[in-house]
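**Student:** Chains as they are written, first to last, in our numbering: chain A, 1 to 325; chain B, 1 to 325.
No lab work stands behind these hints: they were computed from the structure. Keep in mind that a hint or two might mislead.
Said to hold, decoys possible - Which bits of chain B does chain A cover? Going by a derived footprint, with three or more residues having C-beta under 8 Å, they are:
{"hint": "1", "region": "24-32"}
{"hint": "2", "region": "90-96"}
{"hint": "3", "region": "219-227"}
As the list claims (entries may be wrong) - Output of the computed footprint for chain A on chain B, the stretches with three or more beta carbons under 8 Å from beta carbons of chain A:
{"hint": "4", "region": "135-143"}
{"hint": "5", "region": "146-152"}
Claimed, not checked - Just a few of them, taken from the derived set where beta-carbon distance is under 7 Å, the chain B residues facing chain A:
{"hint": "6", "residue": "Glu-116"}
{"hint": "7", "residue": "Leu-119"}
{"hint": "8", "residue": "Gln-120"}
{"hint": "9", "residue": "Ile-127"}
{"hint": "10", "residue": "Asn-129"}
Even glycine gets a Cβ: it sits at the ideal position worked out from N, Cα and C.
2 protein chains.
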Amino acid sequence: MYQVSELQSLFRNYLDQNQFLQEPQGLYEPINYILNLGGKRLRPVLLLMGCNLFDENVEQALPASYAIEIFHNFSLLHDDIMDEAPLRRGQPTVHVKYNQNTGILSGDVMLVYSYEYLLQLKPKVNISNIIQIFNKVAIEVCEGQQHDMDFETRNDVTIPEYLKMIEQKTAALIAGGLKIGGLIGGASSADANHLYEFGRNIGIAFQLQDDILDTYGDPEKFGKKVGGDIVQNKKTFLVLKTLEVGDKDQQNRLSKLMNTETTNELVKIKEVKSIFDSLQIRQLSEQLMEEYLSKAFDHLNRINVAKERKLILENLANQLMGREV
Amino acid sequence: MYQVSELQSLFRNYLDQNQFLQEPQGLYEPINYILNLGGKRLRPVLLLMGCNLFDENVEQALPASYAIEIFHNFSLLHDDIMDEAPLRRGQPTVHVKYNQNTGILSGDVMLVYSYEYLLQLKPKVNISNIIQIFNKVAIEVCEGQQHDMDFETRNDVTIPEYLKMIEQKTAALIAGGLKIGGLIGGASSADANHLYEFGRNIGIAFQLQDDILDTYGDPEKFGKKVGGDIVQNKKTFLVLKTLEVGDKDQQNRLSKLMNTETTNELVKIKEVKSIFDSLQIRQLSEQLMEEYLSKAFDHLNRINVAKERKLILENLANQLMGREV
Chain A
1 MYQVSELQSL FRNYLDQNQF LQEPQGLYEP INYILNLGGK RLRPVLLLMG CNLFDENVEQ
61 ALPASYAIEI FHNFSLLHDD IMDEAPLRRG QPTVHVKYNQ NTGILSGDVM LVYSYEYLLQ
121 LKPKVNISNI IQIFNKVAIE VCEGQQHDMD FETRNDVTIP EYLKMIEQKT AALIAGGLKI
181 GGLIGGASSA DANHLYEFGR NIGIAFQLQD DILDTYGDPE KFGKKVGGDI VQNKKTFLVL
241 KTLEVGDKDQ QNRLSKLMNT ETTNELVKIK EVKSIFDSLQ IRQLSEQLME EYLSKAFDHL
301 NRINVAKERK LILENLANQL MGREV
Chain B
1 MYQVSELQSL FRNYLDQNQF LQEPQGLYEP INYILNLGGK RLRPVLLLMG CNLFDENVEQ
61 ALPASYAIEI FHNFSLLHDD IMDEAPLRRG QPTVHVKYNQ NTGILSGDVM LVYSYEYLLQ
121 LKPKVNISNI IQIFNKVAIE VCEGQQHDMD FETRNDVTIP EYLKMIEQKT AALIAGGLKI
181 GGLIGGASSA DANHLYEFGR NIGIAFQLQD DILDTYGDPE KFGKKVGGDI VQNKKTFLVL
241 KTLEVGDKDQ QNRLSKLMNT ETTNELVKIK EVKSIFDSLQ IRQLSEQLME EYLSKAFDHL
301 NRINVAKERK LILENLANQL MGREV
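Generate the whole structure from the sequences, applying the supplied hints.
**Tutor:** Encoded structure:
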């Protein structure tokens with residue numbers, strides 16, 4: 001079995017050998033740019049792990065892992081245009097470095113290339129089935145992004161709607177990649193579905209944790225600015241939970257804080273946090289996160305493969321959740 | 001065999017039964033909007049004709065014809081954003097009626113759905129092969145659009161580059177649709193390639209004719225404003241041919257006219273036209289168009305099917321070129 005670092009380097013080599021060097025440069029250079037900005041390569045590595053659970057030949061899954069990474073970066077590219085984001089991984093976003101039209105068109109052709117790489121899987125794999133899973137995920141990612149944009153102007157977002165949105169926008173691609181990797185490795189349909197559910201629940205737990213850390217994280221360890229969600233009035237799980245369990249007064253105070261121009265960010269963060277704290281929102285959020293995590297591990301356990309082979313996925317999941325392994 | 005009008009109505013019924021009614025509405029309503037703006041449905045009907053050449057069962061090709069139409073409208077949608085076009089078929093474009101983010105995201109999910117419909121083809125069809133052809137075409141369409149944008153700021157565009165660009169941007173999708181239709185109908189690989197070449201050459205001829213009509217067309221019959229390309233300084237075939245065959249003086253006069261702010265559009269059109277006329281650019285363009293047309297019909301002739309079955313494609317091609325049938 002492969003170590004995480006080995007899978008990362010296998011993927012990195014494949015990416016290096018499959019740079020977009022063709023013409024027209026104006027279309028393909030931005031693709032190399034975004035694909036080489038780095039990142040943890042979490043999705044492709046998880047896909048390779050899904051394959052490696054069942055088969056030592058992980059090379060056969062490299063085209064699919066690249067397809068998933070290309071798709072992920074396509075969605076980042078277009079999301080960055082929609083969000084008018086200036087930076088991605090600390091570097092200028094594509095629409096800033098090049099221009100918006102380039103961002104749209106290079107993103108479009110990336111989406112096509114993700115199918116192109118799926119077609120490069122060996123014929124022993126049921127490619128129609130793989131593309132079907134991929135399509136379902138791709139549609140969910142688009143729907144999740146639409147819901148996320150819709151939520152910005154809605155004041156009646158429910159917790160189930162929010163959980164569905166983060167499932168679509170974040171968890172589906174992680175889950176789908178794991179499932180595709182498993183199927184390439186020869187997983188039964190039942191095991192492939194357990195892999196999907198493992199990924200889906202981990203993905204949701206991971207996003208919930210991100211919501212929690214944005215408010216309660218250690219500024220030294222958390223990559224982004226702590227309190228950023230509060231300053232930006234984002235409707236995170238913490239906010240929605242407060243609106244659910246708080247009394248009228250607490251709901252009104254939070255809504256007012258979220259609808260007022262901030263003069264002092266630190267004061268605003270402190271006040272919102274004090275409402276959260278009075279309702280034990282952090283604990284309630286962590287509780288839900290733990291539920292998803294436990295569901296995830298339950299599905300991992302049920303996969304019909306020796307326990308030792310699954311350890312690498314369990315460890316990676318724990319690391320993602322910031323736990324010592 | 002089916003008549004054109006019958007294929008149009010078969011396609012229309014399929015489109016009606018496959019509207020995008022799902023949630024979130026913000027994502028899917030714009031798709032219905034653009035798909036229902038109308039148009040001649042040329043690409044899907046040609047695909048069905050490609051199938052009908054070989055098989056009476058054209059219903060089996062409906063999902064692929066819809067895939068091609070969805071893809072075509074996806075590319076129009078994103079092109080309209082890039083070109084900042086206010087109108088499409090006389091109606092507000094999607095980014096104007098809704099907003100730009102909607103245009104980007106709805107377009108993205110349309111591209112995914114075109115694959116989704118390809119997957120609905122009956123298993124007797126080699127779906128991987130169909131998707132491979134589709135991908136090649138989709139990549140060409142994106143590359144063609146990039147070249148088209150690049151050409152706007154270049155002063156050294158050659159005629160071969162221009163012909164390649166219109167082949168990618170316009171002809172490839174027509175050709176690919178015909179080929180896919182043929183393969184679904186059971187065409188041999190040789191016949192499918194002849195269908196592709198028929199469509200490719202017709203597509204280029206059609207675009208050349210569009211360039212000619214934009215300057216020399218009958219204002220009563222031509223859908224757009226005659227002389228529009230000249231006013232917009234578009235590097236059409238007529239312009240590139242003038243720069244190729246004209247002497248230094250004619251080249252300079254044309255370049256100057258194209259680089260000067262227009263005060264009087266009619267005067268500018270008249271002056272550019274007089275340069276074209278002095279070099280018989282219209283005749284030279286028509287000659288090249290005829291060459292493509294004749295190549296197209298040559299490929300049609302070589303398809304291994306009774307002549308009567310091919311008549312409908314020959315007639316449609318002639319109609320597209322504005323000829324009496």
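**Student:** Indicate, hint by hint, whether the structure satisfies it.
**Tutor:** Okay, the hints, checked on the actual structure:
1. Counting residues of the region 24-32 of chain B whose C-beta sits closer than 8 Å to any C-beta of chain A gives 3, which meets the bar of three, so the coverage hint holds.
2. Only when three residues or more bring their CB closer than 8 Å to a CB of chain A does the claim for the region 90-96 of chain B stand; here the count is 0, and the claim is violated.
3. Coverage of the region 219-227 of chain B by chain A is violated in this model, with 0 residues showing a Cβ closer than 8 Å to a Cβ of that chain against a need of three.
4. Interface restraint, the region 135-143 of chain B with chain A: holds (5 residues with C-beta to C-beta distance below 8 Å; minimum three).
5. Only residues whose C-beta sits within less than 8 Å of a C-beta in chain A count toward coverage, and the region 146-152 of chain B has 4 of them, enough to reach three; the restraint holds.
6. About 5 Å separates the beta-carbon of B:Glu-116 from the nearest beta-carbon of chain A, less than 7 Å, and the hint is met.
7. Among the interface hints, the one on B:Leu-119 holds; its C-beta lies about 6 Å from the nearest C-beta in chain A, closer than the 7 Å criterion.
8. The beta carbon of B:Gln-120 comes no nearer than 10 Å to any beta carbon in chain A, farther than 7 Å, and the hint placing it at the interface is violated.
9. Of the supplied interface hints, the one on B:Ile-127 holds, with its beta-carbon coming within about 5 Å of a beta-carbon of chain A, less than 7 Å.
10. The closest approach between the C-beta of B:Asn-129 and any C-beta of chain A is roughly 9 Å, which is over the 7 Å cut-off, so the hint fails.
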